Amino acid sequence: MAVYKRRYNSYTGSLTPTWSRFFVLTRFAFADLFKSRFFVLLLILCIIPCLFSAGYIFVANNKTLQLLIQLRSVDFFKVENQYFIVILMGQAWAAFFLNCWVGPVLISGDLTNGALPLFLSRPFSRADYVLGKLAVLGLLLSAITWIPCLLLFGLQSGLAHNGWIWSHLWMVVPIVLCSAIWILTLSLLSLAVSAWVKLRIVATGVIFITFFIPAGLGEMFNHIMGTYWGALLNFSNMFQIIVERGFRDPYSLLDRMSRHEIPIPAAWASLIFVCLLSLVILNARLRARETVHG
Amino acid sequence: MELRARQIRNNIQTMTPTIELGGLEVQLGGRTILHGLTGVLKSRAIGLLGPNGAGKSTLINTLLGFHVPSKGSVRVLGLDSHTSGKALRSLVGYMPENDAFISKMSGVRFVRYMAEISGLPSEQAMERAHEAFVYVGLGEARYRPVGTYSLGMKQLAKLAQAIAHGPKVLILDEPTNGMDPPARKRLIELIREIREASDICLLLSSHLLRDVEETCDEVLILRNGQIASICNLVEERRANRKFLELETIGAEATFTSALEGLGCECAVFTSGRIKVVMPDSVEIREVFKVAADRGVQIRRMNHRRDSLEDIFLNAMEQTGVADGRL
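So the sequence lines, in the order shown, correspond to chains V and F.
This note's numbering numbers the first residue of the first sequence as 1 and each following residue consecutively.
This note's numbering numbers the first residue of the second sequence as 1 and each following residue consecutively.
Just chain V, same shape as in the assembly (with noise of 0.2 angstroms):
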């Protein structure tokens, strides 16, 4: 119907499926972001790392070019698990910045002027809402962690000889769970802080100071009480205890943290536990309705 024609008249198309109706809010989140020149440069200065580390894989397989720089030591140009740990810590450094930046304004832009029911009174749960705003951090955090990681990875077994890829190829696990894990912590305690705090500026104090707070206060506890298990605070900590082991690294932080008393299974507890907190957060703020009790 051409608008000039200024009549109401219902709709008889198609629909799309309504599984995907998700990836709507994802999309509008991304045209929205694209439109910032900060967050593109942010998106770029958190790609070159990844640049700079295949030129250091092409100079480590390309002897000729290590003979011209005149290099003296065979071993500085190895690409092993401690190389992927770098670059993967790096990263993840890179996406907790990001997510700072992007992370604030997901939900709460939604909240502010209550367009929640909006939202909520079409055939769209409150679980398809947190999936379409959980995917805009999943993909862009993905884009900066473990997708040029494989990508490094790709071009270390292009260049190397020898069966260098099947001898490393148990690499592949590590690279994508240990970033699964930081994505979604970081995803969803930005999403958990979007939905409380308004202000960017604000939600993004929020977002550093649930890193660095607790972690201070875990020292704390551990000095008071001549314990360990205040590191558990500590999530970057505990990310890069899970890194370490999941790349089967002998000189970890682990080791030289004096922390080996903490297994595994707790620093992956510890992360899961501020999914599942964030997820109770977010639980009780994306309501459609505020229900006051008493």
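The set of hints was computed from the structure by calculation and includes no laboratory data.
All clues stand as given, with none of them false.
Derived list of chain F stretches under chain V, where covered just means 3 residues or more per stretch with a C-beta under 8 angstroms from a C-beta of chain V:
1) 82 to 91
2) 94 to 107
3) 119 to 132
4) 157 to 166
5) 186 to 200
The calculated lysine-lysine pairs, modelled on BS3-like cross-linking and capped at a C-alpha distance of 27 angstroms, are:
6) 63/V <-> 78/V
7) 104/F <-> 35/V
8) 42/F <-> 242/F
9) 289/F <-> 242/F
10) 289/F <-> 275/F
11) 104/F <-> 198/V
Computed, partial: chain F to chain V, Cβ under 10 angstroms:
12) 57
13) 58
14) 61
15) 64
16) 65
17) 113
18) 114
19) 115
20) 116
21) 135
22) 146
23) 147
24) 171
Predicted model, so just to flag it, every value in this text is computed and none were measured.
All C-beta atoms in this analysis are idealised placements derived from N, C-alpha and C, irrespective of residue type, glycine included.
Got chain V; can you put chain F on it based on the hints?
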């Protein structure tokens, strides 16, 4: 989903009640807000009336599945709000009472976004968003951020997002809130046009009796979370048309007996005043004809006009729970 849609079309065609309340009780925060509402509303345009705190918004929220009934059920076009919530919401266009928009989005993008979430493919959603915006009279402002709209424009933008995906049931919660008289008049006209132009069912909640009177065929009046009255305005208007008050000169017994001969019931008072109840088969013109034949002057003729205000006030004055019709 297509099967569901076919079922709904059949339901509308076979006159399935629009809303069925089966002992609906809703508790919020430990308080009972709706107390066992029972009733059937069959009209295509239903008004929801009641003073503040009567439970109108709670009923709408329950229809939309935002609140779970603690007892009983509510069905819209045969679909239970709790067990078939998603199927029901796929038929609904909802215009909330309070602010509900995304302030940084342009109007047309906001409506397109909502239409896509309702399941419209991207191109169709865009086309329908433009149509809806032009239709509600905001064509010129569609590229402005919704946050910059005036209160009346925001109401219209909310209406646009409620109709863009072509719902079967349109739920409007206090649609004329904060609108000036011309804007209110335009909105009421739009609602009537939407009602006339399609097979859409309308549920309009308001505390402005005139809004409901102008747009609805049936009214559910709530008071303290209970049904004060269910009133079919169409039947009421038809009944009122059959009740006449005459002031006559020269009327004699032959006039009233002639009217009674037509099937009317008459009550004669002093000074030529006569009250007449006409059967459905008798038209007013026949009363004039009888009067003319007998040389009776009819100096004044009034229909009984029991306005919605009277009905509402009667319902409010009643004590106890009224579950019957007025």
